[in-house]
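> Line by line, the protein sequences give chains X and L.
Mapped onto full-length UniProt numbering, the consecutive letters of the first sequence carry residue numbers 1 to 326.
Mapped onto full-length UniProt numbering, the consecutive letters of the second sequence carry residue numbers 1 to 423.
Think of the hints as simulated: they come from the structure by calculation, not from any bench.
Don't be surprised by glycine CBs; every beta carbon is placed ideally from N, CA and C.
Be a bit skeptical, because a hint or two may be false.
EDC-like, lysine to aspartate or glutamate: derived pairs with alpha carbons at most 16 Å apart [to be verified]: (1) L:Lys-418 <-> X:Asp-290; (2) L:Lys-151 <-> L:Asp-169; (3) L:Lys-355 <-> L:Asp-283; (4) L:Lys-379 <-> X:Asp-290; (5) L:Lys-155 <-> L:Asp-25; (6) L:Lys-54 <-> L:Asp-25.
Chain X regions said to be covered by chain L (calculated; three or more residues, Cβ under 8 Å) [to be verified]: (7) 58-72; (8) 157-168; (9) 175-183.
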Amino acid sequence: MATDTLAPSAAVTAPKIKSELMQQRARAARIFLVPMLIALAVVAGWPLIRSIYFSFTDASLSNLDGAQWIGFGNYLRWTTLDSGAVRYRGLLADPAWWNAVWNTVRFAFISVSFEAVLGMIVALVLNAEFRGRGLVRAAILIPWAIPTIVSARMWSWMLNDQFGILNDLGMRLGLLSQKVAWTATADTAMTAVLVVDIWKTTPFMALLILAGLQMIPKDIYEAAEIDGVHPIKQFWKITLPLVRPALMVAIIFRLLDALRIFDLIYVLTPNSSATKTMSVMARENLFDFDKFSYGSAMSTMLFLIIALLTILYIWLGQVRFDGGDR
Amino acid sequence: MKINKLLIGLLTSVTLVVGGAQAADLSIVSGDTGTGLAFLRGQLDKFEADTGNKVTVVPMPSSTSDQFGQYKLWLAAGNTDIDVYQTDVIWAPQLADQFLDLSDAAKDVVGQHFPSIIESQTVNGKLVALPAFTDAPALYYRKDLLEKYNKPVPKTWQELTDTAKEIQDGERAAGNAEMWGFVFQGNAYEGLTCDALEWVKSFGGGQIVEADGSISINNPQAAKAIDLAASWIGSISPEGNLAYGEEESRGVWQLGNSVFHRNWPYAYSLGNGADSPIAGKFDVAPLPAGDGPDARSAATLGGWNIAVSKYSKAPDEAIKLALFLSSEAVQKERALNQSNLPTIEALYDDADIAKTQPIIPAWKTIFQNAVPRPSAPTKAKYNEVSSLFWSAVHSTLSGNGTAAENLEGLEADLTDLKGGDSW
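One chain only, chain X, in its complex shape (with noise of 0.2 Å):
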């Protein structure tokens, strides 16, 4: 196809370029991107250096300054009892800990799902030329754009128990024999919780992939359609490869969301290991309870294992970022 051959020749020959004006650009570039760095450096690195820090050491909130060097206490340690047997301790020895683990990869791996299906789809639809077109593109981006605290407080009122609209609508449908308390049961809230997840970001999805979407030339389908093509068929071998770098964007931006889900989880349902994720966890322990250390070392594992699943998402799904494909 013609972006496949195109990309990588301008790869190729892009180096080779030695002129002049280009070295004095990629200077220029240097220069402006130097207070971006800072600022990054500033808000982002010196933190989390921090953090990081903090998890090797026994400090606690009311006496930051204070804090002792322990190695990889907070991580793992043990300690052997009189009796031979040895006890582990620490995050890594947290079954609580990795039963949050586990909600959150959970969580992330089915609401980024349900989102890349439902966001295509959605972005399919709007891609058609139609009366009104605009309208709608806006009117979708409503969810994605109400802060997630004042959607959270919104849904919560509507799967109340007693005062929500979707037990009174589901009673008088008669699609419910009693009311369901959908938050508040082990069972129901995490789904809950997803609902309301992918009624929130679908809309971002949609909007990257229609972006993706309108990059497609329209003489490819053309083609298709003068070959007879079925409009399926079209849907896996044109649309399906050319919008896939775009796709697998969105799913990474998705995916370093979903990861630290925190405020849906803590506003929507009651504070039980259900739906304990990494974040709900680390905020505990950082400020309710007098563990900062403890806390960080949960931020510092929380980091890690984004980074990890990032790096294994873009080695397998051999993501680049250049807007090329494989």
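On the provided structure of chain X, position chain L as indicated by the hints.
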């Protein structure tokens, strides 16, 4: 020393007369429930008129667990924006370092308050906060429904379970499909620790961690109490109760959709408010007892206090505000309007209060016998103790293991947390 204080006294009275030459902009945080914020604003208006200071209320979520996390963060960061904090009775040992010592400023008035409350707010000889009101919960019951079904006010939890079931079923058969038997605070937060401590203590199952620091929670009576509570969910209490805090449970109760309700005294005046469907139809009783050798009616000690941040830029004016909010005049207004229990002993004999809020004089003995949460023996680890306890109870209520299993795990977790011989 004495002359100095005299001078300060003179100076403050001079500034008072001059009318706020030293006027300051103060901020107070409050996560009050119901009409509490409106009441506070009314009192602050009086304070502003008297002193010339300006006071801004920063509203907070009503869940005490949510408030605590935020306050701890602010105080650790040395936040100067908030001058005065409303603190829960259990916070004093955890936040003592961040608040000013009020013993000097309050030395003339501490004698009016119940000594036990002053003691609960004193950490290593430092008076961390001044009491604004105290709390001991009540069993709210619908007297019209109990009369209709000819039932006495339940004296034990088992009796409550049976009565609630009978009336709930009867009312549902009569067409009130929304009717429930009992609502309480079942969300996984500090409120559940209060509720569950009452169940455990009323069955003679101890108080989680005893005053000497020993962990007592893993015992058959405690398991029995929590298993009984677990049997309520889906039977006499809605499943949604697993996510209710004070205000959510009051919502169900005050709409007239529950026979019984466990809540703090503030729900008394709200339930009798002009817009309340159950006004005049309910009354309060002490919480039921369990059964077993040491069974008794148990109420968890609550209560809110006023503390002054040591990072305040106007500490003198902030202390004045704390003294004002804990004063007899404000506590009386609070009792009359909010049915909050005063911490000043004399107010329990006040004729106006007895007339408007009969719950208050009746509650004097209940709060004096109330069970404290183990915040004193567990010190800085209290929050985690409480969190482990409410998680174990919440799991049991959600049907995730029996009480005996979860309490055994809790005991092991608490032993780990304690670490050695002392907390």
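> The structure should be examined with respect to each hint, and the outcome stated for every one.
Okay, the hints, checked on the actual structure:
Between L:Lys-418 and X:Asp-290, the direct Cα distance comes to roughly 13 Å. Compliance with the 16 Å bound is thereby established for this hinted pair. At most 16 Å may separate the alpha-carbon atoms for a hinted pair to count; L:Lys-151 and L:Asp-169 meet this at roughly 14 Å. Simply put, L:Lys-355 and L:Asp-283 have alpha-carbon atoms about 15 Å apart, close enough for the 16 Å limit, and the pair holds. This hinted pair checks out: L:Lys-379 and X:Asp-290 have alpha carbons roughly 10 Å apart, not beyond 16 Å.
Proximity of L:Lys-155 to L:Asp-25 is assessed by CA-CA distance (about 51 Å); at most 16 Å being required, the pair is judged violated. Under the criterion of a C-alpha separation no larger than 16 Å, the hint pairing L:Lys-54 with L:Asp-25 is consistent with the structure, at around 5 Å. With 4 residues having a Cβ less than 8 Å from any Cβ of chain L, the segment 58-72 of chain X passes the three-residue criterion, so the hint holds. Only when three residues or more bring their CB closer than 8 Å to a CB of chain L does the claim for the segment 157-168 of chain X stand; here the count is 4, and the claim holds.
For a cut-off of 8 Å, the count of residues in the segment 175-183 of chain X with a CB near a CB of chain L stands at 4, and the three-residue condition holds.
Checked against the numbered hints listed earlier, the structure breaks hint 5 alone; every other hint is satisfied.
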